[in-house]
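If you're matching them up, the sequences are chains A and B in order.
The end of the first sequence is residue 230 by the working numbering, with every number in the run present.
The end of the second sequence is residue 1230 by the working numbering, with every number in the run present.
In case anyone wonders, no lab produced these hints; they're calculated from the structure.
Treat the hints loosely; a few may be bogus.
[Unchecked claim] Among the chain A residues that face chain B by a calculated CB cut under 10 Å, a handful are: (1) Glu53; (2) Cys61; (3) Arg90.
[Claimed, not checked] Distance ranges between label pairs, derived from CB positions: (4) B:Gln1175 to A:Tyr73: 28 to 38 Å; (5) B:Gln1142 to A:Asn121: 29 to 39 Å; (6) A:Gly205 to B:Thr1188: 39 to 49 Å; (7) A:Asn121 to B:Asp1196: 52 to 62 Å; (8) A:Lys178 to B:His1143: 29 to 39 Å; (9) B:Asn1131 to A:Thr107: 37 to 47 Å; (10) B:Asn1180 to A:Gln142: 51 to 61 Å.
Quick reminder that beta carbons are idealized off the backbone N, C-alpha and C, glycines included.
The residues making up each chain are set out below.
There are 2 protein chains.
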Amino acid sequence: MNRYSSQKKLLAAVDCIIFGFDGQQLKILLIQRGFDPEKGKWSLMGGYVQPDESCNEAASCILKELTGLEGVYLKQLQVFSDPNRDPLERTISVTYFALINIHDYETQISDDYHAEWFPVNKFPKLIFDHNDMVNIARKQLQHEAAIHPVLFELLPPRFTLPQLQGLYEGIYNTQLDKRNFTRKLLSTGLLTRQSDKDKQGSRKGAFFYKINKKAFRQNYLQKDFFLGIK
Amino acid sequence: MNRYSSQKKLLAAVDCIIFGFDGQQLKILLIQRGFDPEKGKWSLMGGYVQPDESCNEAASCILKELTGLEGVYLKQLQVFSDPNRDPLERTISVTYFALINIHDYETQISDDYHAEWFPVNKFPKLIFDHNDMVNIARKQLQHEAAIHPVLFELLPPRFTLPQLQGLYEGIYNTQLDKRNFTRKLLSTGLLTRQSDKDKQGSRKGAFFYKINKKAFRQNYLQKDFFLGIK
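Given these sequences and hints, build the entire structure.
The structure is reproduced here in structure tokens:
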């Protein structure tokens, strides 16, 4: 008997890390567990993979069952498989993450399972290794924010620089200097200033901006780098 | 009974996609299976995850057992979990991929298990969904090649432009125009020409180049984009 013939079965689960931006703050969607173990504690949304479904199907299905959210693009992140991560039974977990604009989905979130948005810098301690999962997802988000400096999925069509700064502060878990942030961001040529202002945040107001999609495609989609030279 | 309490166990395996560059061609390391099912057919290197190890540990361990390769950086790719992917028993597979410089490792490859390098554009049909796994790994490789236009891990310290072109042709599975490739690549400022030539490929010879690591860090590690404005 060796690893090529020895078949010791285990449980497979999926867990979803859902980040959302409400225009001010980066948030994370958590659920209060209604079942043992750890009933009543906060956790990511997850459940066991069933015999007739793939992990991707399980993730979409669980997200829909627990929150009502449909049509969210879930990206597979990584597998958590420490032998002792679940105290009851060997379970490996396949994690997924998503970015959504909270306002696009707020009417969909179902109340049945007590799902709640928390600021990403201040949320309850989670069960098992779920805090590690959030940390890994956040690193992935930072990585994607660096490759695609403006995160389309999270932004409303028109947004202000303070809003964008709030988003990046959430992603990088840090305070950014307003003047430097503005200067650096405008120097990318990725944003187009609109003629009107948002007056909700301050009396002076803040100009609305839109993403300059043409500049974005030209400068930041390096995918084309080598394909363009055929 | 629902998915939150129903615990139907399954098997978990890992499979490794090992890409190597021998200075001319991009290759893939395959193994002739010595066990059923599909004994004698070609496959990726893989095996079942054991009770006392994580998937990452299983992957490193399997790679060492089957090829003798040690110290290879394996990156988790994605989970393949179609319910019918393994005809005998429900098995989900966590895939890993690695890029190596073949010459750095050639003495390590063990003969015990019949592992063999094949050109990435011409290799035998593989068992199960292993061809899909190779395709996904290849897409990942293309993605990484675009973000980091020069693939450090695969290159010898000094290399020629024809060598580099061979590598990119393997990655993108296409023929590149030599003049355009050279022009575009040199325009990045990422390569520093050396004073001597490699005369093995042609009588005229091809200059050796090195990677300009400083320029690479400055221009292509966009990770620093927002972190630099704190």
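Comparing the hints with the structure gives:
1. Glu53: holds (7 Å)
2. Cys61: holds (8 Å)
3. Arg90: The hint holds - arginine 90 of chain A has a Cβ within 10 Å of chain B, the shortest such distance being about 6 Å.
4. B:Gln1175 to A:Tyr73: 28 to 38 Å: The hinted range 28 to 38 Å holds for glutamine 1175 of chain B and tyrosine 73 of chain A, with Cβ atoms some 34 Å apart.
5. B:Gln1142 to A:Asn121: 29 to 39 Å: At roughly 35 Å between Cβ atoms, asparagine 121 of chain A and glutamine 1142 of chain B fall inside 29 to 39 Å, so the hint holds.
6. A:Gly205 to B:Thr1188: 39 to 49 Å: Holds, since glycine 205 of chain A and threonine 1188 of chain B (Cβ atoms, about 42 Å apart) stay within the stated range.
7. A:Asn121 to B:Asp1196: 52 to 62 Å: holds (55 Å)
8. A:Lys178 to B:His1143: 29 to 39 Å: This hint holds: roughly 34 Å between Cβ atoms.
9. B:Asn1131 to A:Thr107: 37 to 47 Å: About 43 Å separates the Cβ atoms of asparagine 1131 of chain B and threonine 107 of chain A, which means 37 to 47 Å holds.
10. B:Asn1180 to A:Gln142: 51 to 61 Å: violated (34 Å)
In the structure shown, a violation is registered for the earlier hint numbered 10 alone.
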